[in-house]
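Novice: Given next are the chains, with one letter for each unit.
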Amino acid sequence: MRMVWSNNRCYNLKMAARSGHQRGGHHKRNYGKDRVSHQKISRREPKVDENSPIIASFRTYQALLDRKNDKYERLVKMSRDVTIQSKRAIFHIHRINSGVDKATVLGEADEKLIAVREKLCQIALELQGEDLYQFIRAVSPGLQEYIEAVAFHHYCLGQGLVSLTQVQSALEFPATEKTSSPEDGDCPSHPAVTLYVPPVEYMLGVADFTGELMRLCITSVSSGDMELPFQLCQFMREVYHGFSSFSHAGSWELSRKMHTLRQSLHKVENACYTLQVRGLEIPKHMLADVFGSADSEDTGERRSDIS
Amino acid sequence: MASAPTQETFSKFQEYLTKDQDIREEIRASVREIEQTAREILTVLQGVHQPTGCKDTVSICKRSREMFTNIRRQYSELAAKLPAEQYYRFHDHWRFANQRCVFLAAFLVYLESDKLITREEAAELLGVKERREDGFHIDLDDFLMGLLQLANELSRLAVNSVTAGDYSRPTKIANFVAELDAGFRLLNLKNDALRKRFDGLKYDVKKIEEVVYDVTIRGLNPPPAQKPEAPTEEQ
Numbered sequence: 001m002r003m004v005w006s007n008n009r010c011y012n013l014k015m016a017a018r019s020g021h022q023r024g025g026h027h028k029r030n031y032g033k034d035r036v037s038h039q040k041i042s043r044r045e046p047k048v049d050e051n052s053p054i055i056a057s058f059r060t061y062q063a064l065l066d067r068k069n070d071k072y073e074r075l076v077k078m079s080r081d082v083t084i085q086s087k088r089a090i091f092h093i094h095r096i097n098s099g100v101d102k103a104t105v106l107g108e109a110d111e112k113l114i115a116v117r118e119k120l121c122q123i124a125l126e127l128q129g130e131d132l133y134q135f136i137r138a139v140s141p142g143l144q145e146y147i148e149a150v151a152f153h154h155y156c157l158g159q160g161l162v163s164l165t166q167v168q169s170a171l172e173f174p175a176t177e178k179t180s181s182p183e184d185g186d187c188p189s190h191p192a193v194t195l196y197v198p199p200v201e202y203m204l205g206v207a208d209f210t211g212e213l214m215r216l217c218i219t220s221v222s223s224g225d226m227e228l229p230f231q232l233c234q235f236m237r238e239v240y241h242g243f244s245s246f247s248h249a250g251s252w253e254l255s256r257k258m259h260t261l262r263q264s265l266h267k268v269e270n271a272c273y274t275l276q277v278r279g280l281e282i283p284k285h286m287l288a289d290v291f292g293s294a295d296s297e298d299t300g301e302r303r304s305d306i307s
Numbered sequence: 001m002a003s004a005p006t007q008e009t010f011s012k013f014q015e016y017l018t019k020d021q022d023i024r025e026e027i028r029a030s031v032r033e034i035e036q037t038a039r040e041i042l043t044v045l046q047g048v049h050q051p052t053g054c055k056d057t058v059s060i061c062k063r064s065r066e067m068f069t070n071i072r073r074q075y076s077e078l079a080a081k082l083p084a085e086q087y088y089r090f091h092d093h094w095r096f097a098n099q100r101c102v103f104l105a106a107f108l109v110y111l112e113s114d115k116l117i118t119r120e121e122a123a124e125l126l127g128v129k130e131r132r133e134d135g136f137h138i139d140l141d142d143f144l145m146g147l148l149q150l151a152n153e154l155s156r157l158a159v160n161s162v163t164a165g166d167y168s169r170p171t172k173i174a175n176f177v178a179e180l181d182a183g184f185r186l187l188n189l190k191n192d193a194l195r196k197r198f199d200g201l202k203y204d205v206k207k208i209e210e211v212v213y214d215v216t217i218r219g220l221n222p223p224p225a226q227k228p229e230a231p232t233e234e235q
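Note that the protein sequences, when read in sequence, are chains A and B. Under the UniProt record's numbering, the first sequence has 72 at position 72, and the numbering climbs by one with no breaks. Under the UniProt record's numbering, the second sequence has 3 at position 3, and the numbering climbs by one with no breaks.
These aren't lab readings, by the way, just hints derived from the structure by calculation. Careful, some of the hints might be misleading.
[What the hints assert, rightly or not] Keeping only pairs whose Cα atoms sit at most 30 Å apart, straight-line, the calculated DSBU-like set for lysine-lysine is:
1) A:68 x B:81
2) B:196 x A:77
3) B:129 x A:71
4) A:71 x B:55
5) B:55 x A:77
6) B:12 x A:267
7) B:55 x B:172
8) B:172 x A:68
9) A:71 x B:196
10) A:87 x B:12
[As the list claims (entries may be wrong)] Simulated restraints on C-beta separations:
11) B:40 x A:263: 45 to 53 Å
12) A:107 x B:22: 42 to 50 Å
13) A:56 x B:219: 33 to 41 Å
14) B:22 x A:77: 18 to 26 Å
15) B:200 x A:53: 20 to 28 Å
16) B:28 x A:169: 33 to 41 Å
[Unchecked claim] Partial chain B-side listing against chain A, Cβ under 8 Å, derived:
17) 118
18) 132
19) 136
20) 140
21) 180
Every value quoted in this text rests on a predicted model; they were computed, and no experiment measured them. Yeah, the Cβ is synthetic: ideal placement off N, Cα and C, and Gly gets one too.
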């Protein structure tokens, strides 16, 4: 048993050197070392060896588990990148109100989204031949953030709510040839892959997107746009209407987002109300002040929500 | 009031949710049946803990093995209800049933042959596929969970076989569980449910070792092979 034990350690160190990802493994090993019971066994049961069928079968289980866990970690990492890049695209779209030309802003945001899709293509490759739902917990945050960004971009282009089919078709990646251009480095070829978007993930992304609309509404008043809040309010009502029609609220997550959506809608409706009642009385620069205070409140809340 | 395309998106999703719900209902019904059969098999297998059970292990195994035909049929029904490639979408519904069934199969194989069940044998006994690629299978985590349940059950069996006067069994069980423990140590477990369950394995090992100890210091178990002339009190 002793002998086998030291073998295991060697094996694991080798694994660590190869995969480079071994945090969990180390924990486990240290933990195992502290345990005394194996010494007790070793005195009476020295014959556990590599030839035992049980040990042999556990070797295969070990390989399978490691493979799965490594894949999961890689996906978490990629998903995190997708989240960050999508967030940046969203922040970029919010600059619409700051006086920059709308078309330029949206064009730049589009470029950012293309970069995000490259990452998503890698995720799709990683998931090739796997059951997406097995790794959904790793992929889900990034995917939702991406959908949020796409929906926001799509809406700002004046095309209404992006549909699941549109999101899905953007995530079908054609096969590429191996290119090794000096500036891009080595770009290995990959077969055609599709990243399937589960409808629930799509809906959760859409729910997040309404939060962005609320922010856009508040900031647009500050910048003097009196039309946009009413348009946004109308659109958010439609979305809210759609969400409230889901019979059993789908999942726990969906009903929680529904609650947030309701709050966002409330804020936008209040803003429209104030605009309607007082918009004609107060000079525009003062109106900006009224909403300016409301805005800082909202964004503060929003930020704590993100972090 | 809503524009047509937006409305359509939502009504499509509602459709999807309704379908999803229907599939879940059907799966739940199937899993309930499997759980029911598993309980029946467990009741039969529990017979080995009875004082008389040690003697008719063979007949108990035979009876429970026959009952596995029901499980196989129920699993094939369940697999038929499942959309292709969506095993993990509904995994939570049958996770515990799978663990229980693997445990029962492993217990049965152990009682019959003193061996650890392989994934292949388990898949065959339950009428499912061994690998994910081939269709409805038993998730590796669930399989390992089932083996940990087996260790727990064996620690009980060690105690009860002594009570029933079978003094040789605890040593055999101790060797087996020690090897199982060595096997589990090979795995790099994450901090999840499996790891938690594995942490309980040492108590089972300890319990069985205590039984072996008690039996050995009283000279009750058959002596080691090199000293065949040593006296024994019973058997």
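Novice: Determine for every hint whether it applies to the structure shown.
Specialist: Structure-based check of all given hints:
1. For the hint pairing residue 68 of chain A with residue 81 of chain B, the CA-to-CA distance comes to about 26 Å; that is within 30 Å, so the pair holds.
2. Under the criterion of a C-alpha separation no larger than 30 Å, the hint pairing residue 196 of chain B with residue 77 of chain A is consistent with the structure, at around 25 Å.
3. Proposed proximity of residue 129 of chain B and residue 71 of chain A is supported: the alpha carbons are some 23 Å apart, at most 30 Å.
4. At most 30 Å may separate the alpha-carbon atoms for a hinted pair to count; residue 71 of chain A and residue 55 of chain B exceed this at roughly 49 Å.
5. Of the supplied pair hints, the one linking residue 55 of chain B and residue 77 of chain A is violated, its CA atoms being roughly 57 Å apart against a limit of 30 Å.
6. For the hint linking residue 12 of chain B to residue 267 of chain A, the alpha-carbon distance of about 28 Å falls within 30 Å, and the restraint holds.
7. This hinted pair checks out: residue 55 of chain B and residue 172 of chain B have alpha carbons roughly 16 Å apart, not beyond 30 Å.
8. With a CA separation close to 34 Å, the supplied pair residue 172 of chain B and residue 68 of chain A exceeds the 30 Å bound.
9. Between the alpha carbons of residue 71 of chain A and residue 196 of chain B the distance comes to roughly 22 Å, so the proposed pair stays at or under 30 Å and holds.
10. Annotation: proposed proximity of residue 87 of chain A to residue 12 of chain B holds, straight-line Cα distance about 28 Å (limit 30 Å).
11. Checked against the given bound of 45 to 53 Å, the beta carbons of residue 40 of chain B and residue 263 of chain A, roughly 51 Å apart, stay inside it.
12. A beta carbon spacing of about 45 Å between residue 107 of chain A and residue 22 of chain B agrees with the range 42 to 50 Å that was offered as a hint.
13. Taken as a hint, the range 33 to 41 Å holds for the pair residue 56 of chain A and residue 219 of chain B, whose Cβ atoms sit roughly 35 Å apart.
14. Hint check: residue 22 of chain B to residue 77 of chain A, Cβ distance near 37 Å, so the stated range 18 to 26 Å is violated.
15. Range check, residue 200 of chain B to residue 53 of chain A: about 24 Å between beta-carbon atoms, so the 20 to 28 Å window is met.
16. A hinted range of 33 to 41 Å holds for the C-beta pair residue 28 of chain B and residue 169 of chain A, which are about 34 Å apart.
17. With 8 Å as the threshold, the beta carbon of residue 118 of chain B comes within range of chain A, its nearest partner Cβ sitting at about 6 Å, so the hint holds.
18. A hinted interface residue such as residue 132 of chain B counts as satisfied when its beta carbon comes closer than 8 Å to some beta carbon of chain A; here the least separation is about 7 Å, so the hint holds.
19. Taking 8 Å as the C-beta contact cut-off toward chain A, the hint placing residue 136 of chain B at the interface is violated, the least distance being around 12 Å.
20. Hint on residue 140 of chain B holds. Least Cβ distance to chain A is approximately 6 Å, under the 8 Å limit.
21. This hint holds: residue 180 of chain B has a C-beta 6 Å from the nearest C-beta of chain A, less than the 8 Å allowed.
Against the hints set out earlier in the document, violations occur for numbers 4, 5, 8, 14 and 19.
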